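Listed in order, the protein sequences are those of chains A and B. Counted from 1, the first sequence has number 25 at position 25 by this note's numbering; the numbering is strictly sequential. Counted from 1, the second sequence has number 295 at position 295 by this note's numbering; the numbering is strictly sequential.
Source of the hints: derived by calculation from the structure; they are not laboratory data. For clarity, every value in this text was computed on a predicted model and none was experimentally measured. Ideal Cβ positions, reconstructed from N, Cα and C, are used throughout, including at glycine. Take the hints with a grain of salt, since some may be wrong.
[What the hints assert, rightly or not] FRET-style restraints, in silico, Cβ to Cβ:
#1 A:11 - B:187: 57 to 63 Å
#2 A:13 - B:229: 33 to 39 Å
#3 A:64 - B:99: 40 to 46 Å
[To be verified] So these bits of chain B aren't anywhere near chain A, every CB distance computed over 10 Å:
#4 15
#5 82
#6 119
#7 125
#8 134
#9 135
#10 157
#11 199
#12 246
[Unchecked claim] In the SDA-like style, the derived pairs of lysine to any residue whose C-alpha atoms are separated by at most 20 Å in a straight line are:
#13 A:123 - B:155
#14 B:250 - A:110
#15 A:113 - B:251
#16 A:33 - B:74
#17 A:113 - B:190
#18 A:110 - B:157
#19 A:64 - B:272
#20 B:184 - A:16
#21 A:50 - B:154
#22 A:50 - B:273
#23 B:155 - A:33
#24 A:113 - B:172
#25 B:319 - B:272
#26 A:113 - B:116
#27 A:110 - B:160
#28 B:74 - B:117
#29 A:64 - B:248
#30 B:155 - A:78
#31 A:66 - B:357
#32 B:250 - A:16
#33 B:250 - A:123
#34 A:66 - B:153
#35 B:250 - A:94
#36 B:155 - A:114
#37 B:250 - A:23
#38 A:16 - B:131
#39 A:66 - B:159
#40 A:113 - B:74
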Amino acid sequence: MGFEKFGRFGYVSQTKIAPLVSYLEKNQIMATKCKECGTLCFPPRADCPKCRGSNIAWVPIEGKGKLVTFTEVYFAPPAFQDSTPYLLGLAELQRGMRVFAPISNEVDRKDLKPGLELVLRPKQAGEGVFYQLESR
Amino acid sequence: MGRIAIVGVGHSKFGKRSDASLRELAFEAYSSALDDAELESSAIDGSVVCSATHYDKQRSPAGVVSEYLGLSPKPTFNVEAACASSAVGLRIAWSLISSRLHEVIAVVGVQKMTELSSGEIQELMGRAGDVMWESPFGTSMPAYYAMYANAHMAKYGTTEEDMARVTVKNRKYGAKNPQAMFQKPISMEEVLSSRPVSKPLKLFDCCANADGAACLILTSSERAKKMTDRPVWVAGIGLASSPMSLAGRKGPLTSFEVTKNAARSAYEMARVKPADVDVAEVHDSFSITEILNYEDLGFARPGKGTKLLKTNETELGGKIPVNIDGGLISKGHPVGATGASQITSLVHQLRKEAGDMQVDGAKIGLAQNIGGIGMYSAVSILRA
Chain A
1 MGFEKFGRFG
11 YVSQTKIAPL
21 VSYLEKNQIM
31 ATKCKECGTL
41 CFPPRADCPK
51 CRGSNIAWVP
61 IEGKGKLVTF
71 TEVYFAPPAF
81 QDSTPYLLGL
91 AELQRGMRVF
101 APISNEVDRK
111 DLKPGLELVL
121 RPKQAGEGVF
131 YQLESR
Chain B
1 MGRIAIVGVG
11 HSKFGKRSDA
21 SLRELAFEAY
31 SSALDDAELE
41 SSAIDGSVVC
51 SATHYDKQRS
61 PAGVVSEYLG
71 LSPKPTFNVE
81 AACASSAVGL
91 RIAWSLISSR
101 LHEVIAVVGV
111 QKMTELSSGE
121 IQELMGRAGD
131 VMWESPFGTS
141 MPAYYAMYAN
151 AHMAKYGTTE
161 EDMARVTVKN
171 RKYGAKNPQA
181 MFQKPISMEE
191 VLSSRPVSKP
201 LKLFDCCANA
211 DGAACLILTS
221 SERAKKMTDR
231 PVWVAGIGLA
241 SSPMSLAGRK
251 GPLTSFEVTK
261 NAARSAYEMA
271 RVKPADVDVA
281 EVHDSFSITE
291 ILNYEDLGFA
301 RPGKGTKLLK
311 TNETELGGKI
321 PVNIDGGLIS
331 KGHPVGATGA
341 SQITSLVHQL
351 RKEAGDMQVD
361 GAKIGLAQNI
371 GGIGMYSAVS
381 ILRA
């Protein structure tokens with residue numbers, strides 16, 4: 001339990017990586033690291049995709065990244081209709097890890113293009129806690 | 001291994017079919033496929049019912065569809081691969097017949113979407129992506145394709161006008177297809193001035209939810225030769241997967257690796273090259289998707305898909321006519337039926353029965369069907 005707090009509207013409540021939520025509440029963005037082979041995963045994973053090891057450690061990651069692509073959503077699912085239009089982006093972080101996240105409304109739409117330097121930061125809104133891409 | 005033939009195809013009218021239930025739509029397509037094959041139900045020894053079952057009010061619809069078609073107690077089951085369900089159904093039928101477990105299989109692609117409220121549809125669309133890592137941020141089906149569109153525009157200079165050309169072309173042909181949802185041409189201005197859905201995609205860059213069914217009847221080469229003098233052969237079938245999460249995909253997101261992989265398998269199996277294809281049906285769920293598909297299927301080099309549109313090479317009379325039945329953009333997209341609908345149009349082309357829409361001398365046809373937000377892609381190559 002607990003993972004339903006992840007995002008602006010959570011669909012999944014039960015997962016082995018639910019601790020991500022409490023880290024975000026403490027303003028930390030954490031990845032998982034396989035204790036067997038050292039593979040780093042973000043978003044976090046309970047099970048290593050490389051060696052199948054399920055013994056993981058939580059490690060902080062740096063949020064600096066570059067935008068890969070983005071969109072501005074006008075037609076939204078019911079739980080999101082009050083906040084249209086809003087921005088979504090895909091960014092590349094360190095070591096080739098990628099993140100799908102909302103882009104802060106404060107980022108100027110005119111600046112949006114692949115390669116734009118952004119930073120991933122924890123964010124709390126209402127009951128939810130998540131991360132979003134913001135200007136550096 | 002013996003070859004597998006398509007000996008019958010059937011297609012319901014697609015669109016807002018408030019007159020018909022799911023089972024009745026399936027019956028329309030199935031009955032016309034039997035007529036086309038000159039067979040009776042007694043000749044069919046199993047059915048593969050293809051639908052994205054989350055849209056269906058009926059749970060596990062194969063049961064009720066098989067019953068209504070009069071196919072009980074013969075084997076039946078559902079195949080689900082989102083928008084690629086019935087292209088995957090074709091693959092299953094190929095395997096069932098190749099293994100000699102069955103001789104004559106009906107692939108029934110069907111979907112009933114318009115009786116869902118728009119709220120229910122939007123809620124389902126919201127869960128089209130990875131529900132742990134992406135849906136909680138308010139994703140939608142168009143949002144994912146819009147992200148590919150923005151990446152392609154930034155890298156190659158593709159414009160909204162380029163994308164609108166896809167809609168204008170496909171709606172022009174849809175106007176001649178009596179089974180299509182939209183049988184009216186549309187102007188460039190109408191497409192460009194339509195309301196934004198997920199930028200840069202606008203309303204008329206998107207296909208529409210629809211009700212409909214399409215059916216394929218397949219058999220072995222020995223049986224096909226006894227049944228018909230106009231079999232259409234399944235020469236190659238390719239299927240691939242891609243990470244469902246966008247974050248799990250590599251590269252600049254200006255192409256679908258999943259389609260390139262599926263195409264490679266299908267071309268190898270059929271022993272043909274992209275330039276050998278005479279007519280194609282590609283998955284134009286969004287206008288941008290058709291442009292990416294040209295490139296991923298090898299009809300154009302990366303970034304050059306828009307040039308095929310500007311030079312009319314994908315029009316009737318061009319080098320590689322694409323979506324001459326109007327595509328998803330005109331026909332509507334009854335998710336589970338779309339793959340079988342594409343195959344039905346190719347069969348008509350390869351049998352030279354496409355009337356005003358006939359591609360001269362068509363001998364090799366290719367259909368490409370993407371599932372969901374690009375986690376599946378199926379490429380099927382047919383020969384006359």
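Original post:
Is residue 82 (chain B) truly not at the interface, in the sense that its beta carbon sits beyond 10 Å from all beta carbons of chain A?
Top reply: Check passes; 17 Å lies beyond 10 Å.
Subject >> Given hint residue 153 (chain B) paired with residue 66 (chain A) - CA-CA distance at most 20 Å >> reply: Roughly 17 Å between the alpha carbons, so the hint for residue 66 (chain A) and residue 153 (chain B) holds.
Subject >> Assertion that residue 119 (chain B) lies outside the chain A interface [Cβ separation over 10 Å] >> reply: violated (6 Å)
Subject >> Given hint residue 157 (chain B) paired with residue 110 (chain A) - CA-CA distance at most 20 Å >> reply: Between residue 110 (chain A) and residue 157 (chain B) the Cα gap is close to 16 Å, so the pair holds against 20 Å.
**OP:** Would you check the hint for residue 113 (chain A) and residue 251 (chain B), treating anything up to 20 Å between C-alpha atoms as holding?
**Re:** holds (15 Å)
Subject >> Hint consistency between residue 113 (chain A) and residue 172 (chain B) [alpha-carbon to alpha-carbon, up to 20 Å] >> reply: It is violated: about 33 Å lies between the C-alpha atoms, which goes past 20 Å.
Subject >> Proposed proximity, residue 110 (chain A) with residue 250 (chain B) (alpha carbon, max 20 Å) >> reply: With a Cα-Cα distance of about 25 Å, the restraint between residue 250 (chain B) and residue 110 (chain A) is violated, given a limit of 20 Å.
Original post:
When you look at the beta carbon of residue 246 (chain B), is every beta carbon of chain A farther off than 10 Å?
Top reply: violated (5 Å)
**OP:** Mind verifying the non-interface call on residue 134 (chain B)? Its CB should be farther than 10 Å from each CB in chain A.
**Re:** violated (5 Å)
Original post:
If you draw a straight line from the CA of residue 113 (chain A) to the CA of residue 116 (chain B), is it 20 Å or shorter?
Top reply: violated (37 Å)
**OP:** Measure nothing beyond the straight line between the CA atoms of residue 74 (chain B) and residue 117 (chain B); if it is 20 Å or shorter, mark the hint as holding.
**Re:** Measuring from Cα to Cα gives roughly 35 Å; hence the hint is violated.
Original post:
Do the alpha carbons of residue 50 (chain A) and residue 154 (chain B) lie within 20 Å of each other, as the hint requires?
Top reply: Violated: residue 50 (chain A) and residue 154 (chain B) sit about 33 Å apart, past 20 Å.
Comparing the model with each numbered hint stated earlier shows that hints 1, 2, 3, 6, 7, 8, 9, 11, 12, 13, 14, 16, 17, 19, 20, 21, 22, 23, 24, 26, 28, 30, 31, 32, 33, 37, 39 and 40 do not hold.
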